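K.L.:
Protein chains in written order, with the numbering used here: chain X, 1 to 391; chain Y, 1001 to 1225.
Heads up, some of the hints might be wrong.
Label pairs and their computed distance ranges (CB to CB) [said to hold, decoys possible]:
#, chain 1, residue 1, chain 2, residue 2, range
1, X, V32, Y, R1099, 54 to 60 Å
2, Y, V1186, X, N250, 46 to 52 Å
3, Y, D1051, X, P303, 42 to 48 Å
4, X, N250, Y, P1028, 28 to 34 Å
5, X, R201, Y, R1117, 33 to 39 Å
6, X, A221, Y, R1117, 36 to 42 Å
7, Y, E1094, X, P303, 56 to 62 Å
8, X, A300, Y, P1028, 30 to 36 Å
No lab work stands behind these hints, which were simulated from the structure alone. All values derive from a computational prediction rather than experimental measurement. Note that CB positions come from ideal geometry on N, CA and C, so glycine has one too.
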Amino acid sequence: MSASDLSAPAAGSPGARVRAVHDRFHGDLLEVSMGPHHPSTHGVFRMIVTLDGETIVKLKPVFGYLHRNHEKLGENVTYLGSMPYTDRLDYLSAMTNNWAYALAVEKLAGQAVPERAEYVRVILAELTRLLNHTCLAGFLMQDCGCSGTPLMYAFREREYILDLFESLSGSRMMCNYQRFGGCRVDPSADWLAGAQTLTDRYGAFLDEFETLLTGNEIVMARTQGVGKLSPALAISAGVTGPMLRACGVNYDLRKVDAYGVYPRFDFRVPLGDHGDVYDRYMIRVLEMRESIKILQQALAGLPGGPIMDPKAKLRSFRPKAGEAYGRIEGPKGEIGFYLLSDGSPNPSRYRIRPPSFINLTILEDMCLGHTVADAVIILGSVDIVLGEVDR
Amino acid sequence: METPEQIRDRLLTRFPDAAITVVLNPGPAAQHSLLLGAAHARAIAEFLRDDATLRLDQCSNVTGIDWPEKEIVEPTKVATPDPANPAGPPKVVEQKTQRLQPGCLEVVYHLYSISLRHGPVILRLRTVNRTDQAAVPSLTPVWRSCEFQEREVFDLFGVTFAGHPDLRRILMWDEFTDHPMRRDYVEPDDYEWEPTPHGTVLEKAKVHYPALPPAAAASATGPTP
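All chains, please: the whole structure from these sequences, using the hints.
P.N.:
Here's what the structure looks like:
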């Protein structure tokens, strides 16, 4: 790799916009392969980083270490058969993956969902959001160098939520809980009481967590102004979820698409100002506060009735020929499923829109001009799960 | 938001010689799409992004679909003069005609507007065939989010995107040659094949060697006990 490769990028080529200085005061460019086996890459993700001194002048992500052609698997099993596979995409938020898939299939087949199931879905999705954002904050602090403590605080709370998931669905992480036209089991009164207790005390945990981190001088020095993203680039690059809202773009699918019963709840959409790593952390903390508000309202207003649409067909389920794209606001961004049916029991085409994969499109743009240590926290703030990126 | 028909009509006034068809979706979702010809696809995409009433500023999802060649058998009724009674009414004979529907690869784009909060508008591009003319224009210069997703379609379906700034494999490794999401893809027996002297593996391994001439085969195996 010589400097001339970088100094004149081809017209229209993304990235490589930092001009590498190459004279006798500067050394050669250094190419570093970060990952795939590195704790800061959150799995098996690799970045080929070109450095001028300590400054990143080029960064090319390498994917596919966890690739299993999930979409082909989806075409070879029935519609219902894909439901447990969706748990394995973003394994921190199985419940929202399930919901996105169920929503797409319900759109494809024109199926109704009972009100109680819609409420339970909202409760589970918001618990998933709490779980995901708490873990993300812990991981991000770990990446910043606060070794252990914040992550353990986060994981302690995560276990309480996973206990709830386990007692409802039988599995901590691979929940396989949603069905087309409802949910698999009805939550018991005990379970709802447990969810209520967790919701009531989660705010206190967030207060404690924020006391440690939000105003912390080192955290602020480390994350503010790092990895800035402009709203125009974020929109064009398909960035969604907390990443997009941290840039100040007011776009939350819970408000925009108003799917499920979200229009009935009173909550706000937190927006960032600078689009840097600190804003992305802060947005997630604020979103958790809003999730608690939604949870309180959903638990208070949970109606009775069936949890599954009585007309729903689980076996020999064959939607009419057609196609549908369904999407929801997952914790990481817009998770969507595109399904094409030819009237057979298997989907003819099964496509996942993976939010964290698409959010990585502008990883290079955010990292250019920063140091390797900054690249680590920028990647941490994107919030990726490799099960979903590589599929 | 405008219906796909209205969008097509408006596009046709702007690009009179463009090929634009509305593809109807018969399912309950009723998400209809616009099939674009390759010639004006880039210009149309830019128009959709910048147009004041649509402002489709985000391309949310890009994916491919493989449509292999399909043999279609259609019954047709042919009227032939009755040989027994040439003056009488013609005899109607049902014949079966076979025609080969050519295969193609299709790329589907789901567009949304973040500033106006509407969508989706679905665009489809089709390649001429699945072999030597499997190219469509890239929309990465219009929406940056297509960059990795078009690479993925290139990798898994084998669609070449003309004008893509960095068209490489993304999920499969660089040395891989096939396109696994195609419907006629055949999985290798073993991705990490190497010869071993054991039963079924050895049987499978035979296809990787040319057949030995009989004399050489006899000397290789030696005298049978």
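K.L.:
Each hint needs a verdict: does it hold in this structure or not?
P.N.:
Going through the hints against the structure:
In this structure the hint that V32(X) and R1099(Y) lie 54 to 60 Å apart at CB holds, the actual value being about 57 Å. A beta carbon spacing of about 49 Å between V1186(Y) and N250(X) agrees with the range 46 to 52 Å that was offered as a hint. In this structure the hint that D1051(Y) and P303(X) lie 42 to 48 Å apart at CB holds, the actual value being about 43 Å. With their beta carbons about 31 Å apart, N250(X) and P1028(Y) fall inside the hinted range of 28 to 34 Å.
In this structure, R201(X) and R1117(Y) meet the distance hint of 33 to 39 Å, their C-beta atoms being roughly 36 Å apart. For the pair A221(X) and R1117(Y), the beta carbons lie near 37 Å from each other, so the given range of 36 to 42 Å is met. Between E1094(Y) and P303(X) the Cβ separation comes to about 58 Å, which falls inside the hinted range of 56 to 62 Å. Here the CB-CB span from A300(X) to P1028(Y) is close to 33 Å, well matched to the stated 30 to 36 Å.
In the structure shown, no violation is registered for any of the earlier numbered hints.
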